[in-house]
Amino acid sequence: MNAIYIMWLREVKRFARSKSRIVGALGQPILFLVALGYGLGPVFKQAGQGNYLDFLAPGIIGMSIIFTSIFNGMQVIWDRQFGFLKETMVAPVSRLSIMFGRTLGGATVATAQGVLVLGIAVIAGFRPDWFGVIPAIFVMLLIALLFSALGMAVASRLRDMQGFQLIMNFLVMPLFFLSGALFPLSNAPAALLWVARFDPLSYGVDALRHVLTGSAAFSLSLDLLVLVAVTGVFLWLGVFFFSRIEV
Amino acid sequence: MEAAIKVEHLTKTFGEFTAVKDVSFSVAAGEIFAFLGPNGAGKSTTIKMLTTLLHASSGSITVNGINPSADADAVRRSFGIVFQDPSLDEDLTAWENLEFHGVLYGVSKKVRAQRIGELLNLVELSERKNDFVRDFSGGMKRRLEIARGLLHHPRILFLDEPTLGLDPQTRNHLWSYVQKLNRDEGVTVFFTTHYMEEADRIAQRIAIIDHGTIIAQGSGDELKQQTGAQTLEAAFLSLTGSEIREEAGSSLDHMRQFRAMRSGGRR
Ligand SMILES: Nc1ncnc2c1ncn2[C@@H]1O[C@H](COP(=O)(O)OP(=O)(O)OP(=O)(O)O)[C@@H](O)[C@H]1O
Ligand SMILES: [Mg+2]
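Keeping their order, the protein sequence lines are chains A and B.
Under our numbering, think of the first position of the first sequence as 1, with each following residue one higher.
Under our numbering, think of the first position of the second sequence as 1, with each following residue one higher.
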């Protein structure tokens, strides 16, 4: 219990102290909101799909969460290179609590980032259902847990940051672009929809749309079920790989 | 007395290369044991196997009667370690690094506060306790690392070149503290060093490893007697040869070692 707390606290402290990381992580969502939200808005409306910004905002929140979470999980690689990983590897606490604490910390940080992006989206003109904000934060936390665990599972298998670019381009980017964050899945070609169904972020963004705007492609219970189940699997994978690290 | 550490026919290979070859030794509970050897001899690799960081390729290990491969968590509860390489979180302060360790090792809040204060004093970092570790000098980081390793008063303490890069004052403080822990709490100490004088003074028993194999074991006096040398350094050099390991040493290095041996012999 204490181990989970202290691992969590470390992640949160490190994040809160690096102002440049917080601001840096906001750049991309702002760019997407402005360029796509304002740029594609008229086209979207003409196609009879309604307000694009309302559609896009949950997707961009999902984007900032997946990026922050995976990046946070990958911190394991830095810890390995700076040697700090050894300190946690010899500690007399279960790998599960170390993994869980780290994942929780990374997820807390990513959720905070998601809330900031929500605020920015509101400034940009996004009008969510205000009663949905608290449930949305809960959904954000679920998405963040899922991808923090994934990031850590992947990072446990990598020796250095060399693999990072590979992960970004062949895992994170496809997960984001194929998730329906930017376009409606309901009208997507069958092949694309089929792929999106295997992307956990699809369900995350869909759940966010449910609670924030009320219109979505899948049912909310399916979204939540998938998120919880996949998070469980990734956590288990993370513990499995993490406990096999040799330093 | 029961052995705190017992190693039999321990071997570790990395691919084709054998870093530790059929090593056997045992360390009694409450003993101070020095593990000496030239660079690349296999000291750190052995310590990593004893402390659950590496799996042995073959052979058996028991630490406090437990096999690290079978029950890693139980073994982890029984030891503390100061690593040869840095292992601090540079983005946390000195105090936070110690606090982190204390919580992780289940040291109660009260004891934690008292020991952190005591250890920061010992390594003379009290005034810098709220500074980020990334701003510390190499020696200061080393001192903090040592303070952290001593924080939870384990049954067995592994020190992998703890005094590397430290000034003589800090080295003396460190060893008196370690000896006090050994005396008052019966902590078993397993350490490596390249300062032979230090090993001779502190260790009750010494093993010398070279090219992954143990070539001599005994008290400092026994090793000196065995080789007919006056100092442990001379004994060490006569056992391991005076060539420099890994890279072929420059002639200057050879001369320096030769001189060290000669002056050692005269003293
Ligand atoms: N992960 C690894 N992969 C491959 N070779 C390794 C690995 N770790 C250590 N070695 C090799 O094993 C040998 C022993 O290394 P070790 O770190 O145990 O030496 P040491 O006795 O601690 O030396 P030093 O006094 O320099 O610290 C070296 O030749 C080293 O290159
Ligand atoms: Mg070493």
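Rather than coming from a laboratory, the hints here were simulated on the basis of the structure.
What you are looking at is a predicted structure, and each value in this text was computed from that prediction instead of being measured.
Errors might be hidden in some of the hints.
[To be verified] The list that follows gives simulated cross-link-like pairs (lysine-lysine, DSSO-like), each with its CA atoms no further than 30 Å apart:
| no. | chain 1 | residue 1 | chain 2 | residue 2 |
| --- | --- | --- | --- | --- |
| 1 | B | Lys110 | A | Lys19 |
| 2 | A | Lys13 | B | Lys129 |
| 3 | B | Lys109 | A | Lys13 |
| 4 | A | Lys13 | B | Lys141 |
[What the hints assert, rightly or not] Which stretches of chain B does chain A cover? Using the computed rule of at least three CB atoms under 8 Å from a CB of chain A, they are:
| no. | region |
| --- | --- |
| 5 | 43-53 |
| 6 | 71-77 |
| 7 | 101-114 |
| 8 | 179-192 |
[To be verified] Some residues of chain A that are not near chain B, with every Cβ distance over 10 Å (derived):
| no. | residue |
| --- | --- |
| 9 | Gly48 |
| 10 | Ile123 |
| 11 | Arg197 |
The C-beta atom is built at its ideal place from N, Cα and C for all residues, glycine as well.
To see whether the hints hold, each was checked on the structure:
no.	hint	verdict
1	B:Lys110 with A:Lys19	33 Å, violated
2	A:Lys13 with B:Lys129	17 Å, holds
3	B:Lys109 with A:Lys13	20 Å, holds
4	A:Lys13 with B:Lys141	20 Å, holds
5	43-53	holds (count 4)
6	71-77	holds (count 3)
7	101-114	holds (count 5)
8	179-192	violated (count 0)
9	Gly48	51 Å, holds
10	Ile123	31 Å, holds
11	Arg197	40 Å, holds
Comparing the model with each earlier hint shows violations of hints 1 and 8; every other hint is respected.
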